[in-house]
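Asker: One letter stands for each residue in the lines below.
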Amino acid sequence: MTEEKLNLLKSKLQNYNVEYTDTNGTPALYINKDDIIEICKVLKNDNDLKFNLLVDAISVDRFVKKNRFEMFYNLVSIEYNQRIFLKIKLESHDPEMQSLSQIWKSANWYEREAFDMMGIKFTNHPDLRRMYMPENYEYNPLKKDFPLMGIPDSIPLPNK
Amino acid sequence: MSNTVYQDLKEKDPNIKKTKILEALETEDLSVSFTDALDNEMVLNMGPQHPATHGVLRLLVSLDGETVMKCIPELGYLHRGYEKLAEASTYHEFIPHTDRLDYLSPMANNVAYAQAVEKLIHLEIPERGKFIRVIIAELARIQSHLLAIGALVMDIGAVTPFLWAIREREKILDLYDTICGARFTTSYTRIGGVAQDISDEGLAGIKNFIDEFIANLNEMRDLVERNKIFIVRCEGIGYLSKEDCIELGLTGPLLRAAGVSRDLRKDDPYLVYDKLDFNIPTYNQSDCLGRYYVRVEELIESVKIIRQCLEKIPQGPHNTLQTKKVLPKKDRVYTKMEELIHDFMIINFGVNPPAGESYSAIESSKGELGFYFISDGSGNPFRLKIRAPSFCNLQALAPMMKNCMISDTVVIIGSVDPVMGEADK
Numbered sequence: 082m083t084e085e086k087l088n089l090l091k092s093k094l095q096n097y098n099v100e101y102t103d104t105n106g107t108p109a110l111y112i113n114k115d116d117i118i119e120i121c122k123v124l125k126n127d128n129d130l131k132f133n134l135l136v137d138a139i140s141v142d143r144f145v146k147k148n149r150f151e152m153f154y155n156l157v158s159i160e161y162n163q164r165i166f167l168k169i170k171l172e173s174h175d176p177e178m179q180s181l182s183q184i185w186k187s188a189n190w191y192e193r194e195a196f197d198m199m200g201i202k203f204t205n206h207p208d209l210r211r212m213y214m215p216e217n218y219e220y221n222p223l224k225k226d227f228p229l230m231g232i233p234d235s236i237p238l239p240n241k
Numbered sequence: 018m019s020n021t022v023y024q025d026l027k028e029k030d031p032n033i034k035k036t037k038i039l040e041a042l043e044t045e046d047l048s049v050s051f052t053d054a055l056d057n058e059m060v061l062n063m064g065p066q067h068p069a070t071h072g073v074l075r076l077l078v079s080l081d082g083e084t085v086m087k088c089i090p091e092l093g094y095l096h097r098g099y100e101k102l103a104e105a106s107t108y109h110e111f112i113p114h115t116d117r118l119d120y121l122s123p124m125a126n127n128v129a130y131a132q133a134v135e136k137l138i139h140l141e142i143p144e145r146g147k148f149i150r151v152i153i154a155e156l157a158r159i160q161s162h163l164l165a166i167g168a169l170v171m172d173i174g175a176v177t178p179f180l181w182a183i184r185e186r187e188k189i190l191d192l193y194d195t196i197c198g199a200r201f202t203t204s205y206t207r208i209g210g211v212a213q214d215i216s217d218e219g220l221a222g223i224k225n226f227i228d229e230f231i232a233n234l235n236e237m238r239d240l241v242e243r244n245k246i247f248i249v250r251c252e253g254i255g256y257l258s259k260e261d262c263i264e265l266g267l268t269g270p271l272l273r274a275a276g277v278s279r280d281l282r283k284d285d286p287y288l289v290y291d292k293l294d295f296n297i298p299t300y301n302q303s304d305c306l307g308r309y310y311v312r313v314e315e316l317i318e319s320v321k322i323i324r325q326c327l328e329k330i331p332q333g334p335h336n337t338l339q340t341k342k343v344l345p346k347k348d349r350v351y352t353k354m355e356e357l358i359h360d361f362m363i364i365n366f367g368v369n370p371p372a373g374e375s376y377s378a379i380e381s382s383k384g385e386l387g388f389y390f391i392s393d394g395s396g397n398p399f400r401l402k403i404r405a406p407s408f409c410n411l412q413a414l415a416p417m418m419k420n421c422m423i424s425d426t427v428v429i430i431g432s433v434d435p436v437m438g439e440a441d442k
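Residue numbers (my numbering), protein chains in the order written: chain A, 82 to 241; chain B, 18 to 442.
Treat the hints with caution; some may be incorrect.
No more than 30 Å apart at the CA atoms, straight line, and that leaves these computed lysine-lysine pairs for DSBU-like [stated by the list, open to error]: (1) Lys-283/B / Lys-93/A; (2) Lys-101/B / Lys-131/A; (3) Lys-259/B / Lys-168/A; (4) Lys-202/A / Lys-186/A; (5) Lys-101/B / Lys-186/A.
Calculated directly from the structure, the hints in this document are not laboratory data.
With the hints as extra help, turn the sequences into a complete structure.
Answerer: In structure tokens, the structure reads:
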């Protein structure tokens with residue numbers, strides 16, 4: 082992204098508390114989880130930005146005491162051919178944030194995957210179920226404290 | 018007496034519990050009460066072992082007569098936890114696992130993965146390596162699209178074009194055999210280049226293949242495209258508006274069939290795509306027929322790209338000569354001390370990229386295939402997130418299937434072309 086475009090982005094978001102970082106050449110915006118819905122509405126609907134394609138959502142377990150979990154959203158503007166990352170820091174215990182599926186429908190499954198794998202709860206999500214693991218599974222496999230070999234007997238075998 | 022099936026069951030046994038997936042299927046307009054047995058909705062469980070679902074995709078479909086009222090895709094039957102496995106293996110060790118993501122185009126996954134690691138450790142690969150990667154990535158696209166088209170046509174009932182498509186696909190697998198020694202699970206790329214150089218024999222084989230391919234493809238197209246049954250069963254089926262396609266995060270042929278010309282090969286050129294001349298075919302119908310035509314035209318463009326690459330491919334090294342990051346040649350490992358040390362370090366401790374984060378994506382046959390790495394400076398990735406195009410494209414299945422006929426569901430799945438290895442990770 083050019084300097085000019087980044088300044089435009091900064092001017093559009095000047096009312097919010099945003100920390101601008103860089104992810105190996107792609108701008109990354111650390112934002113507060115309280116004003117995420119408003120910021121996303123600006124990013125999507127503003128005529129000079131138009132980040133209309135939500136490509137992916139990435140859940141991260143940093144395994145530190147404070148702000149253990151993070152959510153990254155990978156946004157693309159098809160019209161201006163730009164990519165940014167939205168990054169949100171979450172609490173270490175019972176991480177919870179607003180669902181973005183009311184803004185981009187595609188967030189539905191991405192957030193279900195994060196819920197399944199990391200145990201992050203999304204409020205106002207239309208259908209928060211596990212994505213890959215069985216419904217009655219108790220653990221979140223991608224958390225750093227989940228053992229690589231799995232937990233014995235956590236999935237009951239048939240005829241048992 | 019007007020009760021839903023569930024209410025009836027609940028009266029008999031108050032302890033009965035509904036599974037969450039059934040709750041998701043029920044909406045207000047669905048829980049209709051009925052008095053006549055023929056007048057109610059029926060829940061049909063398609064898959065996970067259903068030949069038309071192309072793998073282990075499970076669909077819960079609620080039907081009113083023959084019309085689909087709602088459809089819930091259920092994933093996870095091929096979930097192997099690759100993102101967790103990646104955290105426990107070095108960057109090199111994960112390359113064979115990428116073959117098993119989109120197992121219909123393993124070469125493209127190899128290229129995407131190696132490129133993502135190279136971006137993380139800031140490694141530039143030599144020209145010849147780049148050209149080789151473009152050739153194999155385009156061969157993978159042809160391989161994948163041929164099966165997509167063939168299987169779509171077979172689901173409609175035409176078996177001959179499927180066999181003809183498989184015949185062409187088989188030639189590509191034989192080419193892989195000459196290039197890297199394996200037909201299916203190729204694991205051809207390495208960090209910093211490819212495992213071995215393409216021989217002249219391999220290049221000649223590729224040239225022979227693309228010289229014959231267009232004629233063979235046209236033979237198949239003649240059989241399909243003027244067939245009235247094929248057209249009637251595809252036209253207007255699985256329609257999704259352009260806005261919905263973007264909203265649902267679709268990429269690849271599905272998005273281009275809706276009239277959005279987004280292709281990472283043009284929009285964010287990687288390897289040597291900016292030096293090659295090719296077009297991005299787009300259609301505006303956004304139905305199964307449009308998706309078929311986008312794939313067919315992409316095949317022709319891929320042949321064009323490979324032909325240019327064969328003309329332009331330079332001589333020179335195929336691997337970067339940074340011995341601390343790139344695996345050295347085996348004959349030198351056995352005879353030279355320095356290379357032996359590097360080989361030992363890379364195999365046992367990994368390439369140790371600097372701490373940081375990086376995202377890199379390529380346009381695979383199904384859409385944007387990306388890898389997001391978080392590195393803490395050690396030999397294993399701290400976190401790897403795979404952006405699998407099939408996973409994201411499958412989300413559009415439910416809106417596409419709304420109000421279609423039950424017989425159209427197989428056509429729609431065929432036009433989305435999901436690969437469950439990739440969607441389930």
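Asker: Give a verdict on every hint.
Answerer: To see whether the hints hold, each was checked on the structure:
1. Between the alpha carbons of Lys-283/B and Lys-93/A the distance comes to roughly 28 Å, so the proposed pair stays at or under 30 Å and holds.
2. Proximity of Lys-101/B to Lys-131/A is assessed by CA-CA distance (about 34 Å); at most 30 Å being required, the pair is judged violated.
3. About 28 Å separates the Cα atoms of Lys-259/B and Lys-168/A, which keeps this hinted pair within 30 Å; it holds.
4. With a CA separation close to 17 Å, the supplied pair Lys-202/A and Lys-186/A stays within the 30 Å bound.
5. The suggested pairing of Lys-101/B with Lys-186/A holds, with an alpha-carbon distance near 27 Å, which does not exceed 30 Å.
Going down the numbered hints, you'll see the structure goes against just number 2.
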